[in-house]
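Chemist: Build the full structure now, drawing on both the sequences and the hints.
Chain order of the listed sequences is A and B.
In terms of my numbering, the first sequence opens at residue 1 and continues consecutively.
In terms of my numbering, the second sequence opens at residue 1 and continues consecutively.
Honestly, the hints are just simulated from the structure, not real lab data.
All C-beta atoms, glycine included, are put in the ideal place defined by N, C-alpha and C.
Among the hints, a few may not be true.
[Unchecked claim] In silico contact screen, one side only, chain B against chain A (beta carbon under 10 Å); selected entries:
1) GLY52
2) ASP77
3) MET80
4) ARG147
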Amino acid sequence: MSSRQLSKVGWNALGLAVFVVMIFPVYWMVSTAFKTGPNIFSYSPKWLPIPATLANFGDAIHRQYFWQNVRNSLIVVCVVVTLSLALAFLAALALAKFRFYGRKAFIVITIAVLMVPLNALIIPLYITLSRVHQVNKLSGVIITYMTFVLPFAIWTLRGFILGVPRELEEAAMVDGTTRFGAFVRILLPLVAPGLVATSIFAFIQAWNEYIIAYVLLSSPEKQTLTVWLASFTTNRGTAWGPLMAGATLTAVPVVMFFLLVQRRIAFGLTAGAVRG
Amino acid sequence: MADVQLVHLSKVYDNGVVAVNDLNLEIGEGEFVVLVGPSGCGKTTALRMVAGLEEISDGEIRIGGKVVNDLPPRERDIAMVFQNYALYPHKTVYENLAFGLRMRKVPKDEQKRRVEEIARVLGLADMLKRRPAQLSGGQRQRVAMGRAIVREPKAFLMDEPLSNLDAKLRVQMRAEIARIQQALRVTTVYVTHDQVEAMTMGHRVAVMRDGVLQQVDTPQHLYDAPMNLFVASFVGSPPMNLFEATIVQENGRISCRVGQVELELPSDVVAQRPALAEYEGRSVAIGIRPEDVREAAGWDGARLRGRILLVESLGSEQLVHIEIAATPLERADLIDTAAQPPGPSLGVEDLERAVTLLGRFDRHLLLVPGGAVEVAIDPRLLHFFDLETGVAIPTVDVPVAAEVVR
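Modeler: See below:
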């Protein structure tokens, strides 16, 4: 074997190792969800859930507040995704297309906001939100999520919009469209993959967030799914089987959403527009 | 079809940069006018103002006699070919070609007929279902052309449409565009920085520099009678030889001293340029085209002695770099410096002030680098320019125009 081949094998092995490390917790979560009680706690680890059971799922679903919390999570995510996408797209458009005073500062501040560790802000955030009566309300959580989803969405979308050459819209305008027509017929279809990618990001962020939801939402019927998962751990210990079943169920919508939209992320759609 | 008029057109950007300065240009119906100049001379800005993509700071643009200053691009009925083609990447070739027609509510079957006709003419018939990404550079260029042609607009605006093609394809497309323009007789404004393109394609060529129009003329007249040093140095490849010379008068005869050699100016040359006498005792800039530089065998006038620095064989002829004793032009601000040949070689001792003279010689002449050569310059072929303003010293049949703007 030449050294070239050897290094190729080496890199592949490394890649495989990383893959295994990444996938293992997911695998363990799903497999534990199907295990029976004794198998979960057996001293020699059981790799496969045999015999398999659905009892954990039944247990999880029938817990108090499950459906209410599913609804809460869906509300939060849907509002955050639509609102942040709409606002971020307009903001990104302005930042990419127009020259205005303070544009550069705005871009820098947008990124700077993302640099602030959110966990350090929880207490000030809580105090601020409680003053405006937004604690223990989904709207408070939505507003808070927007603060970190929005800057990222603006930043990503701006990149996508900048990737569409200005001449394309100009050509459309010369060809007979209005400025708005050029936007709808040319720019929008071309940044669609960017909108999809950004919505995936926003969805995952809002769906998986735990700490803010945990701090802001105190009554169980108002909590989101991630907080609900924590309720499996009580003073008397953790119900691992149902917890893993619940976690698996929680992960399903994210995976579904991704599978649903990922086909639309056809990167490089602008190829061929201009020479390069 | 319509004529296009630019009247006192100016563009000043917010930061105070003047991109186009008081441009006056009239493009007749069906005429092909090329705007040419070095990069940053304002030619593209001028074109974009005609298209309606750039706001007009001052002046007027009329298309077909109608002032279009405040009309959006779509209402000007012009078509533009962009430097980078700007094809819609998410649309097929057919959709790209039909887009303008669709926006103008042309009936579907009419759209189809026109698109297919154009595709056939441009050799794109087999590619109508492809997307731009699946086309070669030349094919994309054709689609961009087709998208303009199919609309049958009042005027074509082309912004360096060939600069992204390789050299061979460029020569081919150059002829093709000129041919299409001739066949359709559509008013065309074509922007390029390549003076060869300008000379070969345009009915008339407008040379611009720093936002100011220098000269508008037919390619031949531009070449034969440049109005100032900039046009003289910009037009022509290889460029005109330019250097300083002193006008002297002895016994009523005017000559022009180059280094130590006096070239006597025949009386008709002087008669043609009455102003030349006023330059007596002063320096002027003189220019001579490389093809007018001759090897001196059989010449009975004054000769310039020089040394051959380099011989470039072009196959049909040879391009010879000759070092002669003369004063180089020190006003670099008056000429197109990019086009000038490099200065004299290092280690020149016997010639204190030397310039490199480019000569286009017969290919059969045996010339060796390092060798001595005598060149003859026919004073009748010389161009004379004022050293202060850069303006050509007027001849009686060629009135003088704008001075070079610094």
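Chemist: Each hint needs a verdict: does it hold in this structure or not?
Modeler: Each hint tested on the structure:
1. GLY52: 8 Å, holds
2. ASP77: 9 Å, holds
3. MET80: 5 Å, holds
4. ARG147: Holds - the Cβ of ARG147 of chain B comes within 10 Å of chain A, reaching about 7 Å at its closest.
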